[in-house]
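**Q** Knowing the structure of chain A, use the given hints to seat chain B on it.
If you want the building blocks of each chain, they are given just below.
Protein chains: 2
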Amino acid sequence: MKLGSLKGGRDGRLVVVSHDLAWCADAAHIAPTLQAALDDWGHVEPQLRLLDTDLSHEAIPRERFHEREALAPLPRAFQWADGSAYVNHVALVRQARGAEMPDSFWTDPLMYQGASDEMLAPRAPIPLPDESWGCDLEAEVVVVTGDVPRGTTRTEALDRILLVGLVNDVSLRNLIPAELAKGFGFLQSKPASALSPVFVTPDELGERWRDGKLHGPLKVDINGKPFGRADAGIDMTFDFGTLVAHLAKTRNLGAGSIVGSGTVSNRDEDGGPGRPIDQGGLGYSCIAEIRTIETIQGGKAKTEFLRRDDQVRIWMDDEDGHPIFGLIEQIVAAA
Amino acid sequence: MKLGSLKGGRDGRLVVVSHDLAWCADAAHIAPTLQAALDDWGHVEPQLRLLDTDLSHEAIPRERFHEREALAPLPRAFQWADGSAYVNHVALVRQARGAEMPDSFWTDPLMYQGASDEMLAPRAPIPLPDESWGCDLEAEVVVVTGDVPRGTTRTEALDRILLVGLVNDVSLRNLIPAELAKGFGFLQSKPASALSPVFVTPDELGERWRDGKLHGPLKVDINGKPFGRADAGIDMTFDFGTLVAHLAKTRNLGAGSIVGSGTVSNRDEDGGPGRPIDQGGLGYSCIAEIRTIETIQGGKAKTEFLRRDDQVRIWMDDEDGHPIFGLIEQIVAAA
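Sequences listed follow chains A and B, in order. The first sequence lines up with residues 202 to 536 when you count with our numbering. The second sequence lines up with residues 202 to 536 when you count with our numbering.
Among the hints, erroneous ones may be present.
Which copy is meant is left open, so a pair is good if it fits within one copy or across any two.
As the list claims (entries may be wrong) - Keeping only pairs whose Cα atoms sit at most 27 angstroms apart, straight-line, the calculated BS3-like set for lysine-lysine is:
1) 426 / 208
2) 414 / 503
3) 414 / 383
4) 414 / 501
5) 450 / 383
Worth flagging that the hints you see were computed from the coordinates, not collected in a lab. Predicted model, so just to flag it, every value in this text is computed and none were measured.
Next comes chain A alone, as it looks inside the complex (with noise of 0.2 angstroms):
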């Protein structure tokens, strides 16, 4: 089952949509929104698969579904935790840096607690007023929960998991030195994400969500050109059981919470770290990994950040080449 929100109130209007996102059904004589279809799951989700049955019965009302009109499908969210699973990319990302990664870090996740009263459609513009702040990408998978309580395991938190979708993790990359420097995390490097048209149930994704990780390439073109294929299900050294976990550890998660898998990122097949697409490798899902690469081989960082009138396509295409989650697409803009 597909579940989108269309323009309607801040926290939007529920649809179910096809599993060809062409067409969708106003879902709220079920639920007026996600948010309230999450917080009575247990309820309204066997409601929402028939309403989802009729639908591909075509034996419903039902109107076309356009992603450009789509809000995200939690316009705001209680909780939104973005973990860093692929710990290859954190490895990377401190060798250019020059410091040095803690083995615990293969083993205890990191976890970044972030913004979530503004989660950005997924054809809105990245706004950027200033070009200096080294806006950047980050193309991840992310689960919402259920209701999960405090000191859950990584098998029970797995059962909690109720929708899986895509990400924008948008980043100030030059902000963000100074800001960890100060030792409390990230605020100001880390503005409103933008996510998927849909989030899909486990379910609807068969053979590729197993072993808490969705499988496939992660799809990112900048500027119409490719620029990323990893695939998620690769060197994800923490799946989203474990994720969900970690956060629950010592507190409640409310049910809607947002999980993300951190910045997909692969090794390149002999180890190293991966080349870009034109040269055969799987490409990278933030420019920060092909800076990181660049200064570690070169001595600097030659590709740069995101510019006004820039474009990125984030997106994951099914057996068939057809998007599963919808595309991320957006546009950096002035704000």
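**A** Showing chain B alone in chain A's frame:
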């Protein structure tokens, strides 16, 4: 005007509370929840004020307001960001662990993104599965904003502050060093915070609300003994206008964002660290601060962190000795 939330759904049921906190009137016909009121404040506020007038004239049905039955005014919120505006406190903590504090800390606010998916009720226990985590209170002032546009100035930000209240920002001190060493800020070391029984509009505070600060002693008792009486209006290096503008530098803030002052802390009269109340000082708003001073003065900390069955009480009295925001009164429980 004073606003609270009684039991009823995940977001509670909005009530207007009398100035003496003895009575309340259901506001559901105006806005079902405080979040809904904040979402449409320009339209809703005048109606709530009429209800407040009627309540004070006993012109409408009213019910007793029992703080022990109150939820947090926002039982969950879309944002909780906490500053460290009492730089005195930060300087002391750093001094105790032998870390330099950069001069920029006096001009550039320190702030972290906190978890807001569960805000504890004012009388809810503090769940503590493991005493070795080092549980501490932090008594702070909070404000709730309306929508704040990106790049807002301090002065504009002050106009977006709709409500003022108190928080107990619970911290797990023994988890903090390892977590901050990872570089991404607090996560497991900051479990759910508790909010005061009511939030109040700034005009309700009269002269206590000026220069973007709440003035008056913030009272903290531990196990019935006075522990803190520091004045929230003194030694606050960054006022709330500055804190909100700092948070909004690179992004919009959604209505209902909760922004905290950080632990209230006053220097001693002679400019040194504050003394305990039983030694004639103003005491402390968290245990870490007295432990810090003990460490600086005697080489090691003596005061222990909270243990199970310990009771924490946080409030601020008006001129007549009546709590303005009601009492946060929590007992540490096994979870």
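**Q** Against each hint, give a clear statement of whether it holds in the structure.
**A** Structure-based check of each hint:
1. Taking the shortest alpha-carbon separations for residue 426 and residue 208, neither the intra-copy value of 31 angstroms nor the inter-copy value of 53 angstroms comes in at or below 27 angstroms.
2. In this homomeric assembly, residue 414 and residue 503 never come within 27 angstroms of each other (Cα to Cα): the closest approach is 33 angstroms inside a single copy and 47 angstroms across copies.
3. Taking identical chains as interchangeable, the C-alpha atoms of residue 414 and residue 383 lie at most 27 angstroms apart only when they sit on different chains, with a minimum of 24 angstroms there against 33 angstroms within one chain.
4. With identical chains, the CA atoms of residue 414 and residue 501 are never at most 27 angstroms apart, being 34 angstroms at best within one copy and 46 angstroms at best between copies.
5. When the C-alpha separation of residue 450 and residue 383 is checked against a cutoff of 27 angstroms, the pair qualifies both within a copy, at 25 angstroms, and between copies, at 17 angstroms.
Violated hints for the displayed structure, listed by number in ascending order: 1, 2, 4.
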